[in-house]
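Q: We have chain A already, so just place chain B on it with the hints.
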Amino acid sequence: MIVTPKIFARLVAIVILAVLLQLSFFSRVEFLHTSADVLPAVVVSLGLLGGSLTGAVAGFSVGFLVDCLLVAPLGGSSLVLLGAGYLAGLFRERFDIHSALVPPLVCMGLTLFAELGFAAVQVMLGVDAPVSVLIVRDMLLKSIYAFFLAWPIYFGLRRVLRPALVEESRVARRRQPTVLGRT
Amino acid sequence: MYRKQVRRRRAVLTLLVIGSFLLLTITYGHSSGGVQRGVSTIFSPLQTVADRALKPARDLVDWFDKTFDARGENSRLKAELVTVRRQAVAGQEALQENAQLRKLVELDRGPALAESAYKPVTGRVIARSPTVWNSTVTVDVGSGDGVKVDDPVVSGDGLVGLVASTEGGSAQVTLITDHASAVSAKVVPPGVQGVIKPDVGDPEDLILDFINSSKAVHGGQAVVTSGWRAQGLASLFPPGLPIGEVTSASIVEQEASQQVHLRPYADMANLDLVQVLTGGSRR
Chain A
1 MIVTPKIFAR
11 LVAIVILAVL
21 LQLSFFSRVE
31 FLHTSADVLP
41 AVVVSLGLLG
51 GSLTGAVAGF
61 SVGFLVDCLL
71 VAPLGGSSLV
81 LLGAGYLAGL
91 FRERFDIHSA
101 LVPPLVCMGL
111 TLFAELGFAA
121 VQVMLGVDAP
131 VSVLIVRDML
141 LKSIYAFFLA
151 WPIYFGLRRV
161 LRPALVEESR
171 VARRRQPTVL
181 GRT
Chain B
1 MYRKQVRRRR
11 AVLTLLVIGS
21 FLLLTITYGH
31 SSGGVQRGVS
41 TIFSPLQTVA
51 DRALKPARDL
61 VDWFDKTFDA
71 RGENSRLKAE
81 LVTVRRQAVA
91 GQEALQENAQ
101 LRKLVELDRG
111 PALAESAYKP
121 VTGRVIARSP
131 TVWNSTVTVD
141 VGSGDGVKVD
151 DPVVSGDGLV
161 GLVASTEGGS
171 AQVTLITDHA
181 SAVSAKVVPP
191 GVQGVIKPDV
201 GDPEDLILDF
211 INSSKAVHGG
221 QAVVTSGWRA
231 QGLASLFPPG
241 LPIGEVTSAS
251 IVEQEASQQV
261 HLRPYADMAN
271 LDLVQVLTGG
281 SRR
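Chain order of the listed sequences is A and B. Residue numbers for the first sequence follow our numbering, so the first one is 1 and each next one is one higher. Residue numbers for the second sequence follow our numbering, so the first one is 1 and each next one is one higher.
I should point out that these hints are in silico values taken from the structure, not numbers from a laboratory. All figures in this text were calculated on a predicted structure; none of them were measured in a lab. In this text, a Cβ means the ideal position worked out from N, Cα and C, and glycines have one as well. None of the hints are false.
Now the stretches of chain B that chain A is said to cover, found in silico as 3 or more residues with beta-carbon under 8 angstroms:
| id | segment |
| --- | --- |
| 1 | 117-127 |
| 2 | 187-199 |
A few chain A residues that don't get close to chain B, going by computed Cβ distances all over 12 angstroms:
| id | residue |
| --- | --- |
| 3 | Ile7 |
| 4 | Phe95 |
| 5 | Asp96 |
| 6 | Gly109 |
| 7 | Val160 |
This is chain B alone, in the form it adopts within the complex:
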């Protein structure tokens, strides 16, 4: 009886392991389509409800986390923290949302998007991947709102990522901190161009691998999307979208490996409201 149980257990385990490998082999590299889309469509309303219901709890933990961080900082930050606490009492949540929406509106009117054919669709982040290996978020706008695969996504602070897949009422966004992400960008003012890649595991660090240039890059300089267009091909991002600020740009590193480090403007860990730039000129 016991042996039979052990055999059954081993058989189920073997079946599950083979099943996992089969799924990996079949779905890696191409979309697994129907199953994932179906499950996402079913769970999307549940995720939206869970997101709304858990927002106060998330804000509370965020508040504790920020307080913990601020303890180690200088007196200026401590003074700022007092202000933040007062704001929290006075309904910080509403103020933050308002500020985010204002930023988004400013970005709509900014030079990067004013001339382009992009139509921004505002959405809220409803889910986030649990591992740092896949930096993806789910937003509550999808193909029903005009969102398509490869649409750029921005927050009030700057570039966030690219739409990887869409369903009726939701879309998955691959963040610029995901290992599969690559964004063509340029440093302003020198105009040094390159490709931004993430430093997997560190969401506050991006690496700009740039084309050989005689112009030196310095800390504090801004990096924006380059939005190139050549031989019928075009970048997925409109030009001039802010990405981040150069943090470390040692001459040795620039000469040896042709790269500089930057910090993204967008706070990837606390994304809430974002805009999907639909209907770009590339289509």
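Isolated chain A (complex conformation):
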């Protein structure tokens, strides 16, 4: 991703909008007794579009903003989401995304990773009450919701960030094939 001042402003707007939408809308509506968590999906999509560095920085920023607004211990959400963003970016750098199914599947997997991460951070900080097994259902449903929400999120973000994206397929098409043995 080529980050110009305009693109940077768009990224900041995406982060703020995502956090506001999550806290004011997605966290407050439940379907099957579980609310969706779009923040991992947004961070993963940014990682898939911009690479590991963009993913990690976006994850850290989103986590920091959420913790600030909820007056939670700072750093917990940042740590988990920067991991998710970095892994998504790493995936993009190692593999080509040929199918439209790949981003939602990666979002689903990494949302589950993030939910497990939140649980691990909470256990690390100490849990003062018994934990219900329903938390497993909550994690699984959140990742399933992420699969469906990833479609509009990923393709929407790709549209917004299009001027900054390096399209590998077009570059590959233009490049002359390398033929071994030719002088």
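A: Relative to chain A, chain B alone:
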């Protein structure tokens, strides 16, 4: 060139990870004060606007969710659903808000608060935490409205939580379903006292860990705040605030682990209007 890029990337990642751990170490256990308060103050008006703008969309999703739930229920609930649909057409939103406000007014006049020095301040929930680990909500009333840390928060149905921090125009409320919450309570009529703790991950279940008592507790009995006072110390909650209803109270569980399960009266998933009880007698 590529190696340089990889090195830079790793350096940034290491920096961010160290930064996260540093923030956790510094801010865990005590308030991180300035930064969080500053960010909250800046974003509070934005959250209020977002909350108002997204309310119709939330109501729509709620309607679908409730409809989905109701499909599996008996004919009585189906009949109720038809009524609810009619109400939705006739402006359900306004009716619900009206009902909530009426309940709050009734709670103001109720025996729990009538005798106490608490002054209820009505607020609206504008944000909610995305994970079940931290059950917190943000309300649009803050220190400017007289709200202080540790003020109890109620809805029309019963106890909701406690104010954890305040800013000028907003406050964070730790719900009774948060893992850090503990409320001294008693079962009525037997008078068995104990401490209510959440069952993390299940917002419809609370656990009353009670002091050893010979009186048995039965399903359907109400649980209210006990509001104790001893040796200069006092509970943060006024006595008699409704909390929930005992759902399961097996004799085996009562004898073995001294606990019973209850369902909170307040619908934690759909909190909208709440009251912060300011200026309690403890201060």
